[in-house]
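Participant: If you want the building blocks of each chain, they are given just below.
Protein chains: 2
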Amino acid sequence: MASSSEGSGDALLPDFPRGPLQAYRARASFSWKELALFLEGEDMLRLKKTIFSALEDDPLFARPGGGDLPMEKYRELNFLRCRWVFEHDLLRVEDMLQSPLKVRALVNCLGMYDWSLAAKFFLHMLVFGSAIYNSGSERHFKYIPKIFNMEIFGCFALTELSHGTNTKAIRTTAHYDPTTEEFIIHSPDFEAAKFWVGNMGKTATHAVVFAQLHTPGGGCHGLHAFVVQIRDPKTLLPMPGVMVGDIGKKLGQNGLDNGFAMFHQVRIPRQDLLNRAGDVTPEGTYVTPFKQWRLLPYLAAAYALDHFSKSLFLDLAELQQGWLGKDTSARQAELGREIHALASASKPLASWTAQRGIQECREACGGHGYLAMNRLGHLRDDNDPNCTYEGDNNVLLQQTSNYLLSLLTRRTQGGAHCKSPLKTVDFLEAYPDILGQRFEVPSLEDCLDSSVPLAAYEWLVCYLLRESDQKLNQEKRSGSNDFEARNNCQVYYCRSLALAFLELTVVRRFHEHTHQPSVPPPLRAVLRRLSALYGLWSLSQHTALLYRGGYFSGEQAGKMIETAILDLCSQLKDDAVALVDVIAPPDFVLDSPIGRADGELYKNLWGTILQEGKVLERASWWPQFSANKPVIGSSKSKL
Amino acid sequence: MASSSEGSGDALLPDFPRGPLQAYRARASFSWKELALFLEGEDMLRLKKTIFSALEDDPLFARPGGGDLPMEKYRELNFLRCRWVFEHDLLRVEDMLQSPLKVRALVNCLGMYDWSLAAKFFLHMLVFGSAIYNSGSERHFKYIPKIFNMEIFGCFALTELSHGTNTKAIRTTAHYDPTTEEFIIHSPDFEAAKFWVGNMGKTATHAVVFAQLHTPGGGCHGLHAFVVQIRDPKTLLPMPGVMVGDIGKKLGQNGLDNGFAMFHQVRIPRQDLLNRAGDVTPEGTYVTPFKQWRLLPYLAAAYALDHFSKSLFLDLAELQQGWLGKDTSARQAELGREIHALASASKPLASWTAQRGIQECREACGGHGYLAMNRLGHLRDDNDPNCTYEGDNNVLLQQTSNYLLSLLTRRTQGGAHCKSPLKTVDFLEAYPDILGQRFEVPSLEDCLDSSVPLAAYEWLVCYLLRESDQKLNQEKRSGSNDFEARNNCQVYYCRSLALAFLELTVVRRFHEHTHQPSVPPPLRAVLRRLSALYGLWSLSQHTALLYRGGYFSGEQAGKMIETAILDLCSQLKDDAVALVDVIAPPDFVLDSPIGRADGELYKNLWGTILQEGKVLERASWWPQFSANKPVIGSSKSKL
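Chains as they are written, first to last, in our numbering: chain A, 111 to 749; chain B, 111 to 749.
Treat each hint with caution, since some may be false.
In silico DSBU-like links for lysine-lysine, alpha-carbon gap of 30 angstroms or less [what the hints assert, rightly or not]:
(1) A:Lys159 to B:Lys457
(2) A:Lys683 to B:Lys581
(3) B:Lys436 to B:Lys529
(4) B:Lys669 to A:Lys586
(5) B:Lys457 to A:Lys278
(6) B:Lys739 to B:Lys683
(7) A:Lys533 to A:Lys457
(8) A:Lys529 to A:Lys457
(9) A:Lys586 to B:Lys278
Everything labelled a hint here was simulated from the structure, so no lab data went into it.
Build the full structure now, drawing on both the sequences and the hints.
Facilitator: This is the structure in structure tokens:
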């Protein structure tokens, strides 16, 4: 579509190169140039274009061919690129105050190129710089020009090794010595080391350090911020009393040097208390969320899915034997179809559960989960292709729903029995009766067994089967072709049907396994709790459908399921470590300092960090900081 | 707890090292050794222990210190480790048939050490090997001993560059030539190259290749499998007519050499058709799921969240100005609280949405999304720390819910007004009225505007606020201390409250932005659709609560929201590319062959793959395969 603004926008917003997307672009109901101008305005578009072009035109920003850069080389490049930003004077104080959106645009543009670069720049200029600027004291303004010409380089040292978010638990101290009018900054032990601080690893010369302020006789006055010099800007060597180093490789953003520091009785002048920085410490009481609530359902899922995987593997071996024995019976063919339907939905369920579980562990471990050495990134990356190979998960789920829909058709047309070799669909015999059932659990105690989700899942599969069938017929009647009809049914019907059916089967097999008489009595309680937790937690993802179809009604049903899940988590809390012990691979195989069986996570972390090369050594490219200072705006004419 | 089996299990299941976890282990309600024995049985535990100990005892399996191995070194090591498994004869044919769970245990143990190793072994022995063994023909059994002694190395070549899962679309051909009794295997073009095949990159000598079978005059007989020799086992150089190479670095599993191959009129004997391998091609019609349905809501989210981020950034600038101007008014303090509440929930919402969106893109791109060069892994890894730094998402959400709960307390206690500088909580003035509202949308058409989710969100926030408040009071009355009370309320109440409040604010601001009179008329439709889609899609994640609290009742409400989402996706389908064009960074910045603006993804992929070093070259360590053949079981005595 033509528009009046298109002409003027052409230099600013040139057309995209021709190619296969041209046909799709032509279908748009609007002019993309008009929308870009409306959303951003010409000024902002011009700024972004200027920044992007400047990056693209400078070989310093060429993407490395042939794989990843070594970490030290990457950090050097990232530093040089950060210095380049200063030389091009892309951000001036006037801009920061007058056009805050330009600050955002610059950081976003740098970030789209590489978030390591945006983070390095942002932490120095805007986090370290603002902390000092916002202190409101003229006595700190001496630092501002030094920040702009990179005479010093800053970082923001809040978090400690064993305390991340919880600012009340921070243990670095600042004792006031009135005789010398100094503060004495001190780290009581290794666990109180400042940790994860961006720019601290190799480049920062100054840190805004948060510490508990103590005065003689006056006790503790809470958390305050101090400017502490940590390295000599001329040599990048650490200042006396400061042990400072690099925490090592992370899952991403490896151009940024995150670091640690311990202070041994480091004295700083009284004036370097930042009197207004208290603003950054938030108010209120903090509660670290119940991490075991986040992870216990995944632990239960590991047990339930492992049992299912074993049992399906044995089913498959039976099928294989039949093939090799040239079994051509109807039962063998039916067994093949049933196993195909189960296997097609197992990979999606297992790979997605694993992906979510690993991410939840990663986040529950905070920053430490993001350290490469702890290998949660490896686990996640190695599991990820399971979502794709041997068939995209969503495509595979159609196999399962097609199988179930064909059973329904058979049942309706011929009145044939729904009996399968592995009995996973036998409950469909009672299809109409099951559809008439409702959630009727008298008390919370009755809800704490996997028979409750089992019954609910049988209803859910019947309901989704009926709905999918109706939706497909309705789509076909309305003139959709087979492709469209299946497509429109897939998202909310067939996909949920396939997952619900598999979850039902997993819950059923684990329920039967944990309720069989041969379970040793001391193990019954814990196994049944796992079974109930997995069943209820999985089921709770379908609560909307349970209400919509009328299986649940009233507030109590949903609340009871939630309360039961929390109760089971609470009952399993004390068993959690032992449950992990049962299934954990040996330390050597796990190879994760925070995951070792001895539980000494901080000792193990330090051990591994200090084993890495050049942890405490200054960067080989230190003269790039110390000698070659940027001349602000020296390259500005190029823009 | 003591148990009779513990004594015998001690050698098999030694105690864990002492450490901080000891106290937690002591709390367990059961003996972990008894559970391990019950679940696995002594035989299986012994097998696993044997495998793990063998790995740990051999320096070949030492974990590399000091960061990641170069890719070629890693692939060599992975090959040597795979050969080691054969030398130790950990899996015999008898075992495969008699104790299938032992096969599973071996693959799992190797996988827990490194999934690259398990995949390499599994693809050769069990996928390639089974395809040949299951063909049921004695004429193919000659390959079996060669598979076991690694005289040949196998891969399974099904997927092609432009067709992954959809087996019907495979375009490699096998024309039968009756004069020579040969099949001629041929790749019609680059897009039909076999692609992503594990073991094919550097090691495989033979491939099970899937191709469309053609006979002279008889047309196409559909997909069949053929054994094709692709490299000379003596030199690992490619066979004539075969172009074979390595597809390069992936997000994970880099010990496995995934490869590509093109066949130029390669002749193989008639006998190398695998007559039974048709079993692996599944039945039924396939539908590639509507990928734009998966991604369009995230595109809408990108627009809505970007607008919100801009507006919040301006609010923050206003706050900053107030600070610098020493504004000590009540309004300035209130503005600080409001922005703190919004910002605390923004990072969780934005970082989780981005994480899910990137993963959805990764999966929607299939295997190509898993290739490192396409950089979806970089995006995911660089976004991931946003879930953690400046505070764990779950901890931050408490800030927001505390703010809202304090407003409710103020309102109840003093009857004070709920008016805030940015007006985000002004709707709470009508708290009791809003709680009485119900979903009343007469028709689907009326549902296609963001005013619908806006109203629903206002109800939802009021409902969650009431519920959170009640739950907190109930917990406190029942004797929980403050920590427990907040903890028990967090999971299902306060966390949802904070997210719902922020989503409401994002929807409201984007609704107002897209409905303002200054929007150019040609852009109105598309912007309002984006606004409605984001609002309804976000809202649909809370459907269970909407039913539970009675805002929704009956089947139609839930169905209408789902239909509206699909309708909006369908309406936005043709605008999708142009909407991406508006916000996309330049190709240079994006640096992703499948993401370039020209849309020539296959050309761009090939261009990048062939730029990598040593793509077509045989591995430098080729004599490790060709000369040093494993003697099966030669090292078995060690176990």
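Participant: Next, verify each hint and record whether it holds.
Facilitator: Here is what the structure says about each hint:
Taking the CA atoms of lysine 159 of chain A and lysine 457 of chain B, the gap is about 27 angstroms. The hint holds against a cut of 30 angstroms. Taking the CA atoms of lysine 683 of chain A and lysine 581 of chain B, the gap is near 22 angstroms; set against the 30 angstroms cutoff, the hint holds. For the given pair, lysine 436 of chain B sits about 23 angstroms from lysine 529 of chain B by alpha-carbon distance, which is consistent with the 30 angstroms threshold. Annotation: proposed proximity of lysine 669 of chain B to lysine 586 of chain A holds, straight-line Cα distance about 18 angstroms (limit 30 angstroms).
Between lysine 457 of chain B and lysine 278 of chain A the CA atoms are separated by roughly 21 angstroms; this keeps the pair inside 30 angstroms, and the hint holds. With a C-alpha separation of about 56 angstroms, the suggested pair lysine 739 of chain B and lysine 683 of chain B falls outside the 30 angstroms cut-off, and the hint is violated. This hinted pair checks out: lysine 533 of chain A and lysine 457 of chain A have alpha carbons roughly 20 angstroms apart, not beyond 30 angstroms. Between lysine 529 of chain A and lysine 457 of chain A the CA atoms are separated by roughly 24 angstroms; this keeps the pair inside 30 angstroms, and the hint holds.
At roughly 23 angstroms between alpha-carbon atoms, lysine 586 of chain A and lysine 278 of chain B fall within 30 angstroms of each other, so this suggested pair holds.
Taken one by one, the earlier hints fail for this structure only at number 6.
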